[in-house]
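Visitor: Assemble the complex: chain A is given as a structure, and chain B must be docked to it using the hints.
Here's the letter readout for the chains.
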Amino acid sequence: MTVQTLQPSVAIDHDAIAQFLYREARFADEHRYDDWEALWADEALYWVPIGEDPDPATRISYIYDNRARLASRIRQLKTGRRHSQEPASGLRRLISNIEIETRGEEIVTRSNFILVESRRGALITWAGQAEHRLRKAGGDFRISAKTVRLVNSDEPISNLAFLI
Amino acid sequence: MNAPLSATPRPIAYPSLVEDQRIHGSVYTDPAIFADEIDRIFSRGWVFLAHESEIPNPGDFVTRKLGLQSVIVTRDAAGGFHSLYNRCPHRGAVVCQAEAGHRRSLTCPYHGWTFAMDGALMGVPAPGAYEGLSAQPAGLAPIARLDSYGGFIFGSLGADGPNLTTHLGKAVEWIDQLCGLSPTGRIRLSAGWMKHKMRCNWKMIVENQVDGYHAPMVHGSLLAANETFASVRDRKDSSPTRVHDVGLGHTDIDHATDYRTTPDRLFRWTGGVPEAKLPNYVAAMRESYGEADARRRLIDGPPHSMLFPNISLAEMNIMVIQPISPTETIHYSTPVLLEGAEEMNARTMRRCEGALGPAGFLIADDAEIAELNQLGVANLEPEWILLNRGLASEVVDAEGVRTAGLMDETSQRGFWRHYRDVMSAVGGA
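As you go down the protein sequences, you meet chains A and B in turn. Going by our numbering, the first sequence opens with residue 1, and the numbers climb by one from there. Going by our numbering, the second sequence opens with residue 165, and the numbers climb by one from there.
Hints should not be assumed to be uniformly reliable.
Cut-off 16 Å, straight-line C-alpha distance, at most; resulting in silico cross-link-like pairs (EDC-like, lysine to aspartate or glutamate) [as the list claims (entries may be wrong)]:
id	chain 1	residue 1	chain 2	residue 2
1	B	Lys361	A	Asp154
2	B	Lys361	A	Asp34
3	B	Lys229	A	Glu155
4	A	Lys78	A	Asp34
5	B	Lys334	B	Glu563
6	B	Lys400	B	Asp422
No lab work stands behind these hints, which were simulated from the structure alone.
Bound conformation, chain A alone (with noise of 0.2 Å):
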């Protein structure tokens, strides 16, 4: 059996990324969208596919937020009107499983994540893998692609218009 080592081209601190994610989801599961948009690099890719591997020029999405709209999605939210997050759901997610590779300058996380909503009454459970395409900005990370492959994207899903 041959064992695949992957050898960071920069070095890296897997600690930190680690930590950079867990502050990702707190600011998504906390509604606090100006910290959370700023996380994001300028030029960038926020995108929830349905099904395996799809191509998204072909293929429609639930997500497919370039930089522009990802700053629509935001606003729209801090009207206080968006009625399917006023109020807004109840919101924590675990991490784990984070697997961390580099590319080039880039640095590459897929992590399992399981999230509990809580929304008039009904718990709801999503789950699925978080793949980050993540940029070194100074001492800190910025976000340049974010795509969450949902357990059950071939199946109906309820309302998403929080941040996941």
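Guide: Just chain B, lined up with the frame of chain A:
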């Protein structure tokens, strides 16, 4: 009083629940009424199943719901369309679990009976012991009727009743209008479907889909956050936009009546994309239809219509409203891609994602309000829903088409008038 605390008297007298200007709340909650709808509207009536472009090649299939029934819609080796109950004639297992795919044949996972894409039984494992026995059912059971218009395939579980053309009535004009935005006259629904779970009765989504009154309130957040959305249409009560009830439960919001007030501007229906950004599309439309007719099509844009009972030609999207139970609905949506206009299609995909589905800037809020509607009608008083807005100013033409202003409830009344006819008719739809 509303169900479920007190059952509606049986047999259900629909004219006493569905009046011309008001609707009794129990029609959104009563399980017996839901069962009646599945029988009369979603089994014996015509229901959209799939678009031909979803199964373009022999061997392609999709599985769909017709009412509460799972059916497989297939294309056979000769290119013909079939719709088959998803049930093995041997011991009853679901034959096809996949939502879509391409196969030479369908094989039951239980004992391996194998069927051609037209449903015919091709073979069974170890057939010897069947010799000499009376004939088995020959294959997968076809539904009673299948027909299509403009590539839209419809099915019915009932052998009798009006044909598809009669069912569609004037709604064929909207299908023509939509397909006529393609230089070849053909659309593709090949991008897959968003599936949105909503905790409401299906009729609330139908009513809302052609409601011109709710946008300032329900979509106020987007009006505030998105300048294009706010400015591309006249959404005021004084808007030139008309709503129509064209009969047989088919209704629309006719945005072209607004767009035609600015005949120098094409493409307001795209969210105001400048003509200069779509030169190949414009050229192809001129080539196909001539300058004047191409221009008319590109000013008017697509329909915003609701076809009875549950498919909406929602501008550059198709929506299907699938009842699950009295209080659960799945809302399917897919973008309309135009053959011969690839320049448009990427924009259409991204607009569909922005507006529709569970994360959409529009439909997530419609779903939320529909859920509040459902919770609200479970409260017992007052018992009636009011649908009388604009009744006094409604205009009826010689063909019976009713026209009113953007915010009037003419479209909802049109749906309910036909609903009452279907639910009251001897023998159903």
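Visitor: For every hint, state whether the structure bears it out.
Guide: Tested hints:
| no. | hint | verdict |
| --- | --- | --- |
| 1 | B:Lys361 / A:Asp154 | 12 Å, holds |
| 2 | B:Lys361 / A:Asp34 | 29 Å, violated |
| 3 | B:Lys229 / A:Glu155 | 14 Å, holds |
| 4 | A:Lys78 / A:Asp34 | 9 Å, holds |
| 5 | B:Lys334 / B:Glu563 | 10 Å, holds |
| 6 | B:Lys400 / B:Asp422 | 11 Å, holds |
In this structure, only the earlier hint numbered 2 is contradicted, and the remaining ones agree with it.
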